Structure formats: structure tokens, C-alpha cells
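J.: Chain by chain, the residues:
Protein chains: 2
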Amino acid sequence: MAAAPSPLTTARRGTMTARQVTIEDVARAAGVSRQTVSNALNAPHRLREATLARVTAAIDELGYRPDQSARSLRTGTRKVIGYPAPADNPADPNPLMGGFLQALATAADDVGHRILLFRSDPQQGARAVAKSFNDLIAARQVDGFILSDVIHDDPRVDVLTEAGFPFAAFGRIAPGRPQNWVDIDSTAATAALVGLLLDQGHRRICYLNSAASLPWLADRRAGFLQAAAAAPAGAFEVGVPDDDPAALTHAVQRLLTGPDRPTALVCATDWLALTAYQAVRAADLTVGSDVAVTGFNDIPLCTLLQPALTSARLPLAAIAHALVDRLIAAVEDPAAVPASGLLLPAEPIVRDSTPGR
Amino acid sequence: MAAAPSPLTTARRGTMTARQVTIEDVARAAGVSRQTVSNALNAPHRLREATLARVTAAIDELGYRPDQSARSLRTGTRKVIGYPAPADNPADPNPLMGGFLQALATAADDVGHRILLFRSDPQQGARAVAKSFNDLIAARQVDGFILSDVIHDDPRVDVLTEAGFPFAAFGRIAPGRPQNWVDIDSTAATAALVGLLLDQGHRRICYLNSAASLPWLADRRAGFLQAAAAAPAGAFEVGVPDDDPAALTHAVQRLLTGPDRPTALVCATDWLALTAYQAVRAADLTVGSDVAVTGFNDIPLCTLLQPALTSARLPLAAIAHALVDRLIAAVEDPAAVPASGLLLPAEPIVRDSTPGR
DNA sequence: TCGGCAAATTTGATCGTTCAAAATTATGCC
DNA sequence: GGCATAATTTTGAACGATCAAATTTGCCGA
Chain A
1 MAAAPSPLTT
11 ARRGTMTARQ
21 VTIEDVARAA
31 GVSRQTVSNA
41 LNAPHRLREA
51 TLARVTAAID
61 ELGYRPDQSA
71 RSLRTGTRKV
81 IGYPAPADNP
91 ADPNPLMGGF
101 LQALATAADD
111 VGHRILLFRS
121 DPQQGARAVA
131 KSFNDLIAAR
141 QVDGFILSDV
151 IHDDPRVDVL
161 TEAGFPFAAF
171 GRIAPGRPQN
181 WVDIDSTAAT
191 AALVGLLLDQ
201 GHRRICYLNS
211 AASLPWLADR
221 RAGFLQAAAA
231 APAGAFEVGV
241 PDDDPAALTH
251 AVQRLLTGPD
261 RPTALVCATD
271 WLALTAYQAV
281 RAADLTVGSD
291 VAVTGFNDIP
301 LCTLLQPALT
311 SARLPLAAIA
321 HALVDRLIAA
331 VEDPAAVPAS
341 GLLLPAEPIV
351 RDSTPGR
Chain B
358 MAAAPSPLTT
368 ARRGTMTARQ
378 VTIEDVARAA
388 GVSRQTVSNA
398 LNAPHRLREA
408 TLARVTAAID
418 ELGYRPDQSA
428 RSLRTGTRKV
438 IGYPAPADNP
448 ADPNPLMGGF
458 LQALATAADD
468 VGHRILLFRS
478 DPQQGARAVA
488 KSFNDLIAAR
498 QVDGFILSDV
508 IHDDPRVDVL
518 TEAGFPFAAF
528 GRIAPGRPQN
538 WVDIDSTAAT
548 AALVGLLLDQ
558 GHRRICYLNS
568 AASLPWLADR
578 RAGFLQAAAA
588 APAGAFEVGV
598 PDDDPAALTH
608 AVQRLLTGPD
618 RPTALVCATD
628 WLALTAYQAV
638 RAADLTVGSD
648 VAVTGFNDIP
658 LCTLLQPALT
668 SARLPLAAIA
678 HALVDRLIAA
688 VEDPAAVPAS
698 GLLLPAEPIV
708 RDSTPGR
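So the protein sequences, as listed, match chains A and B.
If you use this note's numbering, the first sequence corresponds to residues 1 to 357, in order.
If you use this note's numbering, the second sequence corresponds to residues 358 to 714, in order.
These aren't lab readings, by the way, just hints derived from the structure by calculation.
Treat each hint with caution, since some may be false.
Unchecked claim - In silico DSSO-like cross-links for lysine-lysine, where the CA-CA straight-line distance does not exceed 30 Å:
hint: 1; chain 1: A; residue 1: Lys-131; chain 2: B; residue 2: Lys-436
hint: 2; chain 1: B; residue 1: Lys-488; chain 2: A; residue 2: Lys-131
hint: 3; chain 1: B; residue 1: Lys-488; chain 2: A; residue 2: Lys-79
hint: 4; chain 1: A; residue 1: Lys-79; chain 2: A; residue 2: Lys-131
hint: 5; chain 1: B; residue 1: Lys-436; chain 2: B; residue 2: Lys-488
Unchecked claim - One side only, chain B facing chain A, incomplete, derived with CB under 10 Å:
hint: 6; residue: Ser-429
hint: 7; residue: Ala-442
hint: 8; residue: Phe-457
hint: 9; residue: Ala-462
hint: 10; residue: Ala-465
hint: 11; residue: Arg-471
hint: 12; residue: Asp-478
hint: 13; residue: Pro-479
hint: 14; residue: Ala-483
hint: 15; residue: Val-486
hint: 16; residue: Ile-494
hint: 17; residue: Pro-602
hint: 18; residue: Thr-620
hint: 19; residue: Trp-628
hint: 20; residue: Thr-660
To be verified - To be clear about the criterion: a stretch of chain B counts as covered by chain A if any three or more of its residues have a C-beta under 8 Å from a C-beta of chain A, and this derived list gives those stretches:
hint: 21; region: 496–503
hint: 22; region: 699–712
Just so you know, these numbers come straight off a predicted model, no measurement behind them.
Think of the CB as a built atom: it goes at the ideal place given N, C-alpha and C, for glycine as much as any other residue.
The whole structure should be built from the sequences, with the hints applied where relevant.
T.: Right, dumping it as C-alpha cells:
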């Protein structure tokens with residue numbers, strides 16, 4: 001064989017598979033040893049300024065990037081965060097999942113991490129869920145996990161707690177488990193929406209809840225009740241209709257045509273608000289002037305509706321950053337479990353569905 | 358130092374960080390060598406039946422899973438597919454992204470792969486996009502990429518073609534580049550929707566297009582024009598209103614109150630259909646009985662609307678599987694570039710917004 | 001000029017796996 | 001039974017990086 005092949009200075013040729021540039025190549029080019037190149041990347045303060053400059057130049061010149069597999073093998077850290085893709089439930093699709101994942105990818109990028117999306121279908125049973133997590137842990141593919149749509153006594157939390165593996169959750173975790181969670185203060189946000197309506201003079205406000213029993217829905221309802229209880233005298237009602245749009249429409253229509261009709265509808269979700277819009281129209285009333293409506297989540301639909309829907313916006317970027325920060329902290333010191341979770345506010349976005357009177 | 362520590366038979370203890378189980382541990386437990394364990398996993402046919410059984414038992418017993426980093430380092434294959442998270446564009450959020458990613462995670466899982474989500478913001482400029490891809494390539498973190506929302510002359514396609522790195526695209530790729538794409542036959546689907554309306558006796562059908570210039574929108578429009586041209590005598594129109602909901606509503610309202618009002622509205626997207634619904638109501642007409650409406654994409658909104666919206670459903674699972682299959686093929690044989698892309702049909706889902714007459 | 005000590009750099013070992021080739025064991029056939 | 005050949009298993013090396021320890025260099029004052 002001829003002399004050792006020198007790395008192609010231009011690795012730009014599309015067709016041929018160029019041999020990968022290793023730390024050794026950079027070392028040779030800069031006239032230093034492997035370890036010095038490694039230090040240039042991981043502990044630059046240890047190098048003399050001139051050396052650092054020389055090595056950095058060689059790195060740029062050759063377009064060197066350390067092989068993450070080799071690095072992971074040696075250091076045990078992977079710079080990858082696992083995120084289980086929840087099953088696609090056609091009955092309750094999560095319109096925010098796309099946006100949340102974008103925010104997560106951005107937040108992770110800020111600390112040099114990536115998101116590993118893997119299948120984990122709760123419908124396959126707890127055993128399958130546990131396996132999907134344990135496989136990733138055993139294969140050492142991730143440093144930790146971020147969970148979303150966490151519910152009370154979430155089996156995923158149990159699996160990870162049991163395994164002693166770092167994670168952070170979007171959604172409150174039951175007491176007695178690691179309190180490494182971030183959540184929206186849905187209660188306060190709903191109360192704020194109600195407060196807004198009260199300020200605008202509404203006195204007959206009706207809450208439309210979803211039939212599903214999910215923690216965030218319970219929180220929102222609590223927020224409504226709380227604001228209602230603290231309000232000046234006035235009649236309030238809590239409707240809890242089904243998720244079937246047609247049935248819900250009829251229920252709301254009945255409400256609106258009966259005596260003492262509400263002047264405002266506070267909806268647990270934007271989708272419920274859409275149904276409410278349709279019921280209001282079916283009752284020959286107008287959203288905004290006749291009946292104020294608020295939603296929750298601030299999905300894109302809100303601005304497409306006419307009038308545009310007042311809603312509570314989830315601070316996805318802040319949530320994602322908080323989750324990533326907490327996870328990284330847990331990875332770096334698995335022993336330090338945060339004493340409490342973090343509640344972030346959801347900002348009410350006021351639009352034409354709640355016009356000032 | 359004492360004797361070599363034997364691996365904990367029960368690695369279940371949550372608090373202590375158990376040493377990881379290596380192939381060596383399994384080999385010792387099964388009374389064979391490293392390589393035999395490796396073969397049990399990667400080439401079981403090479404082992405005698407009795408040996409295989411013994412090794413498999415040891416693997417299960419110890420809960421062994423090969424370290425993916427070590428394996429990647431040696432083999433060069435990572436079992437990870439990169440997916441760039443498109444920037445969150447509030448003006449045109451993609452309501453299907455969540456569902457698409459779920460489908461992708463599932464399809465990848467079926468062939469033992471995972472999805473690596475990384476930030477790649479086109480708004481940061483072509484240079485930043487190229488860097489985000491090249492970083493991942495140079496760090497050898499992925500085997501290939503899957504792109505979505507691919508447009509004509511997509512810069513990401515250029516970057517990957519240039520780098521000679523495997524990828525598969527959801528969305529047609531311009532000729533002269535690797536035709537490794539999968540797409541929806543939007544043209545045929547739109548034509549099918551028009552055909553449906555024609556069958557129902559509609560003769561004045563209006564197409565509502567979005568102002569954005571995107572390939573799939575062009576395809577849908579072409580489908581409309583094509584079906585219109587082939588139809589029996591009848592008047593057709595093509596409206597191209599703006600994306601501003603209010604302005605669009607007015608435009609449609611004018612259409613509906615003018616002479617020769619259309620009896621059917623074919624909308625380029627479900628969101629446009631939502632606006633159309635509101636315009637129809639504003640014109641004191643009823644969706645369904647007075648004016649038929651169709652959408653495109655079949656987002657969750659469709660079934661929440663009243664009447665439910667007829668739309669063309671994207672076969673996300675089939676798309677995801679096709680993309681993964683094509684990518685894996687490209688990874689295994691980078692030389693073999695498919696001669697042509699793959700068009701998948703979008704199934705019209707008929708609902709009450711297009712009632713039979 | 002020469003210790004002494006800190007700073008800078010290099011060397012050897014190692015992470016856990018698979019490849020390639022060598023070594024061992026089993027099988028078939030006369 | 002003996003031998004060629006196939007089947008099975010083992011050994012040594014390597015993937016590309018970082019750690020830990022050893023070595024060299026640079027700087028300062030006596």
C-alpha cells in the first residue's frame with residue numbers, strides 16, 4: 001500500500017464517499033497531538049493562544065467535527081433527549097404537538113442537544129411502554145427524557161423513577177415522586193379570563209367543560225369556580241356537556257334560548273369554543289356583541305374565526321426551555337431532586353370575541 | 358483492587374447507578390466468548406441451536422442491550438433518521454406536523470430506527486441551514502434525513518445532494534436531482550372532489566385558492582382546472598383571494614350574493630373552508646343545502662365543523678412508511694438513485710358539507 | 001546558569017462493540 | 001478410522017474519541 005492517505009482537503013465531492021475526518025487528521029495538520037486537539041475543543045483554556053489558533057484553523061480547514069458515537073462511548077454522555085411520541089388518538093389530537101416539538105428542538109439546540117423521537121404507544125399496554133423506555137436506556141441512546149401530557153400517576157413517570165433515570169415532565173407529577181415538572185397555571189389563566197369578563201360587566205357567565213377527565217381540564221374548571229366564588233353577586237353555571245359536537249351544540253343552544261341566558265361562555269378548550277360559536281349562531285345570536293366567548297390554548301384556529309377568539313396562550317418556548325434546563329440539571333446531578341415543580345403563566349390573548357362593552 | 362465486580366443480577370435498584378451490562382458479562386454468564394454473543398444478536402444462524410438458546414437466556418437474564426454508541430462506532434450505522442424541525446411560522450402553522458411526526462416515529466420503529474429532531478431554521482439563511490445538516494453529518498449522528506414540506510428547488514435538497522448524503526423527501530424534487538421523493542397526488546384528489554360535486558349535479562363550482570405560492574397549492578388548482586375542463590358544459594370560476602380571513606370572507610360573500618352564485622366551493626385548504634363557512638353564513642345561506650363546501654388535508658377541524666367538512670385525507674402512515682423505506686434503501690445503497698418519485702392518493706372523505714342532492 | 005514549579009503538551013489505556021482471521025470442533029465419505 | 005471440508009467458536013485488532021498520568025517546555029528568581 002502507498003503512504004497513508006491524507007484527508008481530502010475538499011470533501012465536497014458529492015459522489016464519492018470521502019473518508020471521515022478524524023481527530024488524528026487534525027492533529028497531523030496542526031502539528032500537535034490528538035489530545036491537544038481534543039483540548040482545543042473541550043478545554044481551550046489549557047492551550048497556549050498560538051497553539052489554539054493553529055488547531056482551530058486546522059479544524060476549520062478540514063471541517064472536523066468529533067464523532068458523536070466515539071465521544072459518547074468514552075464519556076457516557078450523548079447530548080440527546082428522548083421524547084416519546086404519544087399515540088395518535090384521533091378522538092383527541094393534540095394540535096399543539098407540532099409547535100411544542102419545534103420549541104423543544106430549539107430549546108435543546110441552545111444547550112447543544114437534540115431530540116430523539118421514539119414510538120411509545122400507551123394503547124399497547126404498560127409493559128410495552130416500559131419496554132420502549134428501557135430499550136433506549138439500555139442502549140444508552142439518550143441522556144434523559146422529556147415527557148408531555150403527563151397525567152396524575154402517569155405510568156411513564158413510574159418507569160423512569162424506578163429506573164432512576166433523569167427526566168422532566170410537562171404536567172404535574174403526583175406527590176411522593178420526583179417533582180421535576182413544569183406546568184401551566186391553567187387555574188390562574190382561566191380565572192384571569194373570567195376576571196376579564198367580569199370587568200366587562202358580564203354577570204351571567206357559563207363554563208363549558210369537556211367530558212374528558214384530564215388534570216389540566218380539572219385545573220381550568222377550578223379556576224373558573226374560584227373566580228366565580230370571589231366575584232360580586234351574580235349567577236354562574238357550570239355545564240359539562242359531552243364531546244359530541246352536535247349534542248354539545250344542542251345543549252348550548254338550549255342554554256342560550258332558555259331564561260336568564262348567559263352573556264358569556266368560558267370554554268375549556270378552543271375546540272369547544274368553535275362548537276360554541278356554531279351554537280350561538282344557530283340560536284340567531286352573534287358572538288361578541290350578544291355572547292362573549294373565550295377558549296384555551298390559542299391554537300391557530302383562534303385568529304381564523306370571526307370574530308377572532310380570545311384565548312389563553314401557552315408559552316411553548318418558555319415551557320420547552322424550562323423543561324430542558326431542569327432535565328440537564330437532573331442529568332448532571334441525578335441526586336438533586338427539585339423540591340417543587342415550576343408553574344408558568346398562560347397569557348390571555350384578548351380578541352374580538354370578548355369586546356369591551 | 359478486589360476481584361472484577363460481577364454485574365448485579367438485579368439491576369432494578371432505582372437509587373444506585375448500576376454499572377452497565379456489557380457483552381462481556383453476558384459472555385461470561387453463558388460460558389462463551391464476546392463474539393459468540395455478538396453473533397447471537399447479529400447472525401444467529403451461525404450458532405448451534407443449543408448455544409444460541411444458552412446465550413439468549415443469558416441476555417434476557419441480565420437484560421443486556423448492546424451499547425448503541427459502541428456499535429455505531431464500529432459499524433458506522435446509527436439507526437437514527439434526522440428530521441429538521443421547520444421553523445414555527447405563525448402565519449402558516451402546519452396542523453399536520455404532529456400527526457406526521459407520530460407516523461414517522463411509528464414507521465421508523467418498524468425498521469428499528471428512531472427520529473432525531475433538530476433545529477434548522479430557514480429564516481436564519483441558507484448558510485445556517487447547511488450548517489445544521491452538515492453538523493449532524495460530520496458528527497455522524499444520523500444515517501440519513503427525511504424532509505417534509507419540500508418545495509421546488511428546496512435548498513435542503515441541494516445541501517444533501519452536494520454532501521452525497523442519503524435522504525428522502527415528502528414533496529416533489531425538481532428534475533436533475535435525485536428523485537427520492539414521496540408525494541400526495543393533490544391534483545387527482547382535487548379532481549376527485551370536483552368529480553364528486555359534478556356527480557351531485559353541481560354546475561357552478563368555484564375554487565378558492567390561497568395566496569401563498571406553494572407546490573401543493575399549485576397542484577390542487579391544476580386538479581380543479583383539469584376536472585373543470587373535462588366536465589360537461591357549465592360555468593366555473595377560479596377565485597384567488599388573500600389569506601386575510603376578513604377580506605376573504607367579504608370576497609366570498611360578494612360571490613354568493615352576486616348573480617349566478619356558485620352552488621359549491623372547492624377550497625385549497627381546510628382553513629380556507631372554515632372561512633368559507635363563515636362567509637356562507639354571513640350571506641344568510643346554509644352550508645350543505647345551499648352551498649356545498651370541500652376542504653383539503655382533513656385536519657381535526659373537519660369533524661368539529663357543522664356540517665362536518667368533506668375533505669381529502671392525507672395518508673400519513675403510508676407516506677411515513679414510504680419515506681422510511683426509500684431512505685433505508687438509499688442508506689444501504691447510496692449509488693442506486695430511484696428513477697422516479699412515488700405518488701400516493703389522498704382519499705376524499707365525504708361528509709355533510711357535500712350532501713347528495 | 002540552574003533548580004523549582006507551573007503550564008503546556010504528549011503518551012498509553014480505555015469505553016463496548018464488530019470485523020477479519022485464526023483456531024477448534026463437527027460432519028461426511030471412503 | 002482417517003482425512004478433507006464445513007460448521008462453529010475464539011482471538012486480536014480496530015472504530016474515534018477522552019481520561020489519567022507522564023513528559024516536555026517555559027518562566028522566574030537565586
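J.: If a hint holds in the structure, say so; if it does not, say that too.
T.: How the hints compare with the structure:
For the proposed pair Lys-131 (chain A) and Lys-436 (chain B), the alpha carbon gap of about 18 Å is at most 30 Å, so the pair holds. Only pairs whose Cα atoms come within 30 Å are accepted, and Lys-488 (chain B) paired with Lys-131 (chain A) is rejected, the gap being roughly 35 Å. For the proposed pair Lys-488 (chain B) and Lys-79 (chain A), the alpha carbon gap of about 18 Å is at most 30 Å, so the pair holds. The hinted pair formed by Lys-79 (chain A) and Lys-131 (chain A) meets the criterion: a straight-line CA distance of about 22 Å does not exceed 30 Å.
The hinted pair formed by Lys-436 (chain B) and Lys-488 (chain B) meets the criterion: a straight-line CA distance of about 22 Å does not exceed 30 Å. With a least beta-carbon distance of about 4 Å to chain A, the hint placing Ser-429 (chain B) at the interface is held under the 10 Å criterion. Contact between Ala-442 (chain B) and chain A, as hinted, is supported at the beta carbon level, the nearest pair being about 4 Å apart and thus within 10 Å. Contact between Phe-457 (chain B) and chain A, as hinted, is supported at the beta carbon level, the nearest pair being about 8 Å apart and thus within 10 Å.
With a least beta-carbon distance of about 4 Å to chain A, the hint placing Ala-462 (chain B) at the interface is held under the 10 Å criterion. Given the 10 Å rule on beta carbons, the hint for Ala-465 (chain B) holds: about 8 Å separates it from the nearest Cβ of chain A. The restraint placing Arg-471 (chain B) at the interface with chain A holds, with a minimum CB-CB distance near 5 Å, inside the 10 Å limit. Below 10 Å, beta-carbon pairs count as interface contacts, and Asp-478 (chain B) has one with chain A at about 8 Å; its hint therefore holds.
Look at Pro-479 (chain B): its Cβ only gets to about 13 Å from chain A, farther than 10 Å, so that hint breaks. This hint is violated: Ala-483 (chain B) has a C-beta 16 Å from the nearest C-beta of chain A, more than the 10 Å allowed. At a threshold of 10 Å, the smallest CB-CB gap from Val-486 (chain B) to chain A is about 13 Å, leaving the interface hint violated. Contact between Ile-494 (chain B) and chain A, as hinted, is supported at the beta carbon level, the nearest pair being about 8 Å apart and thus within 10 Å.
Because the closest C-beta pair between Pro-602 (chain B) and chain A is about 5 Å apart, less than 10 Å, the hint holds. Given the 10 Å rule on beta carbons, the hint for Thr-620 (chain B) is violated: about 22 Å separates it from the nearest Cβ of chain A. The interface hint given for Trp-628 (chain B) holds, since its Cβ lies 6 Å from the closest Cβ of chain A, which is under the 10 Å cut-off. The beta carbon of Thr-660 (chain B) is positioned within 10 Å of a beta carbon in chain A (closest approach about 7 Å), and the interface hint is therefore held.
With a cut-off of 8 Å between beta carbons, the region 496–503 of chain B has 3 residues touching chain A; three or more are needed, and the interface restraint holds. Only residues whose beta carbon comes within less than 8 Å of a beta carbon in chain A count, and the region 699–712 of chain B has 0; fewer than three means the coverage is violated.
Of the numbered hints listed earlier, those contradicted by the structure are 2, 13, 14, 15, 18 and 22.
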